[in-house]
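Listed in order, the protein sequences are those of chains A and B. Each position in the first sequence, counted from 1, maps to that position plus 12 in the working numbering. Each position in the second sequence, counted from 1, maps to that position plus 127 in the working numbering.
The set of hints was computed from the structure by calculation and includes no laboratory data. Any given hint could be a false lead.
Facing chain A, according to a computed beta carbon distance under 10 angstroms, are these residues of chain B, among others [unchecked claim]: (1) R385; (2) Y392; (3) D403; (4) L411.
Note that beta-carbon positions come from the ideal geometry of N, C-alpha and C, so glycine has one too.
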Amino acid sequence: MSETTQQPILRVRGLKTSFRTDRGTVTAVDDVNFDVFPGETIGIVGESGCGKTVTSKTIMRLLPERNSIIDPSSEILFDNLNLATAPETEMRKVRGDRIAMIFQEPMTSLNPVFTIGWQLDEALKYHTKLDKKGRRDRAVEMLRLVEIPNPEQRYKEYPHQLSGGMRQRVMIAIALCCEPDILIADEPTTALDVTIQAQILALMADLKERLGTSILLITHDLGVVAQVCDRVIVMYAGRIIEQAPVSDLFKRPQHPYTKALLESIPKAGKRSEDGRLPTIKGIVPSLFELPKGCRFQDRCPFKEQKCVDIEPDLTAHAFDDRPVRCHFPRNQEVDLTTGATG
Amino acid sequence: MTAPATQELNSTETAEKAFVHAEGIHKRFPVHGGILNRVVANVHAVTDVSFSIARGETLGVVGESGCGKSTLGKMVIRLLEPTEGKVYLEGSEITGLDHKQMMSVRRRMQIIFQDPYSSLNPRLTVRGLLKEAIAFHNVVTPDKMESYIDELIATVGMRPESKDKFPHEFSGGQRQRLGIARALALKPEFIVADEPVSALDVSIQAQVLNLMKDLKEQLGLTMMFISHDLKVVEHFCDNVMVMYLGRVMEKIQSDRLREQAEHPYTRALLGSNPIDDPDERRPLTVLQGDVPSPLNPPPGCPFAGRCPEVQDRCRTEMPPLEMRVNGQAVACWARM
């Protein structure tokens with residue numbers, strides 16, 4: 013958990029990533045700051061295009077160098093190394109070994125022409141000093157750890173022979189085989205059915221417990237966040253707009269966007285009186301045409317002149333010590349069973 | 128707020144009373160193989176499904192991928208031919224109608240697809256898209272065409288200038304609005320909505336659900352709403368039908384779902400959904416294993432292999448869908 017004097021294992025400061033496009037340079041992620049502490053699960057939530065995936069890929073330096081620019085002032089501090097500027101040779105030692113990543117679509121991130129075993133072996137070959145026999149034993153052990161039935165047999169099989177849930181387990185096995193300090197999971201359950209999602213979430217929680225890995229979970233699903241995260245970062249149009257311990261965020265969302273997002277999900281077993289859901293009007297602004305002031309202003313029901321003129325900073329307000337990027341943050345309890353503010 | 132519960136009466140009577148009624152429908156897709164390209168196996172996509180939807184009712188169909196819910200939806204409006212079974216619209220059978228006779232029925236039954244990107248012709252403007260369907264079915268006379276298109280666009284909450292744009296110029300939510308406008312263009316009475324909000328962001332999902340709710344009420348639509356998301360179904364539908372590997376496991380009123388659902392699979396689905404409140408965390412229900420292959424479905428209950436309450440009988444014999452009060456029906460030996 014985060015409320016200790018522990019040192020963060022990863023510090024992200026002033027992260028800014030831009031892309032060169034036909035329409036000019038566009039900044040996808042701007043001024044992102046956060047810490048990851050050992051053993052915690054931190055969620056990054058937001059809708060498509062908010063910058064959550066770009067943030068994670070920047071940390072892993074997986075963005076194509078051809079058209080992406082990580083601003084030189086960005087800092088991604090991990091183990092005395094600034095990952096934002098570290099040379100590729102250094103990155104290779106970190107990537108997969110110290111920080112591992114799993115993706116939304118396991119079929120596209122596994123190589124279809126090699127066996128599961130070969131792919132586990134590849135990771136172990138680069139990052140451990142084990143011999144061939146040792147690597148094989150370790151790989152089978154990893155498959156067993158992620159609860160793949162009959163691991164010796166599966167070791168010899170190809171990705172297409174596995175179901176979606178099993179492929180995601182294999183991805184997790186590959187990611188965890190070098191016992192990384194941090195696991196970045198980018199929408200790991202989005203493509204999966206809910207009963208399989210439950211299996212994967214339970215597995216991740218169990219592995220975190222056993223191996224003490226910190227997890228950076230990127231998702232659009234607030235239910236998943238409520239279920240597994242300790243802390244949450246909410247992103248909107250390339251900015252962090254709110255950051256809080258999970259319970260505080262759900263009980264007292266301060267940014268109007270967070271509040272509206274929570275209200276707009278149908279509540280379990282409840283139908284509102286008129287059968288309608290509270291909505292957020294409009295759509296996310298284009299990153300090419302960002303407004304001068306607050307990026308949420310066009311959709312915000314509490315907009316005032318100040319919001320149009322000045323973009324708010326991510327700062328704590330008088331009534332609380334948690335950061336929110338809003339001039340007029342909310343301070344109301346939300347009843348999670350009905351979604352109503354009281 | 129709920130429409131009348133699906134009354135399970137004897138079949139002919141139900142077929143007459145219900146607006147849409149399906150009776151014992153099956154869909155098997157043949158699998159060809161070998162050098163003679165013979166049929167070597169069948170994929171049992173939908174097996175023995177019956178249901179009724181009353182006028183103005185919305186029936187939710189839930190289940191995981193491969194449970195046959197989309198196949199079922201397509202069969203109901205005859206985009207796919209059932210291998211066996213009958214579908215009735217207002218008491219008259221539509222399975223077996225020839226192409227010409229289907230024309231007038233098609234106009235009354237429309238579908239909204241999950242993926243608005245691939246269900247709209249990219250080469251046509253919005254006007255072109257809508258005009259195609261309207262002209263084909265002679266919904267309005269040519270001189271009223273423009274005003275009718277304007278009206279449709281306004282109905283789904285889009286700007287009038289949208290009609291000269293192409294589908295790629297819109298966001299996902301806007302495109303789904305177009306999908307809805309296209310379905311409504313023929314003034315249908317029954318709509319199959321196949322995962323209409325699954326590809327959308329949460330804030331947009333709420334907008335589209337509200338729009339569909341309003342339209343349903345204004346136009347008195349009857350709907351079949353296919354989704355994998357229980358919360359959305361509970362919010363939107365009157366009744367729910369839970370499917371697993373092509374079979375109906377349980378039918379229940381949606382406001383009773385969370386408390387009264389009996390089938391172990393329905394309970395597992397409810398239990399594996401993440402909670403809304405981080406302070407109320409409980410371990411998720413974790414089922415072992417995956418959905419079995421529909422290629423050679425196991426004899427007996429398809430859920431037997433993953434069921435926490437499995438009995439010997441479950442592995443050999445499929446339980447019948449047993450009626451309860453309030454239109455609830457459960458197919459489970461452990462709940463007899």
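Okay, the hints, checked on the actual structure:
1. Checking R385 (chain B) against chain A: minimum C-beta separation of about 4 angstroms stays under 10 angstroms; hint holds.
2. Because the closest C-beta pair between Y392 (chain B) and chain A is about 9 angstroms apart, less than 10 angstroms, the hint holds.
3. The beta carbon of D403 (chain B) is positioned within 10 angstroms of a beta carbon in chain A (closest approach about 5 angstroms), and the interface hint is therefore held.
4. Below 10 angstroms, beta-carbon pairs count as interface contacts, and L411 (chain B) has one with chain A at about 4 angstroms; its hint therefore holds.
The earlier numbered hints are all upheld by this structure, with none contradicted.
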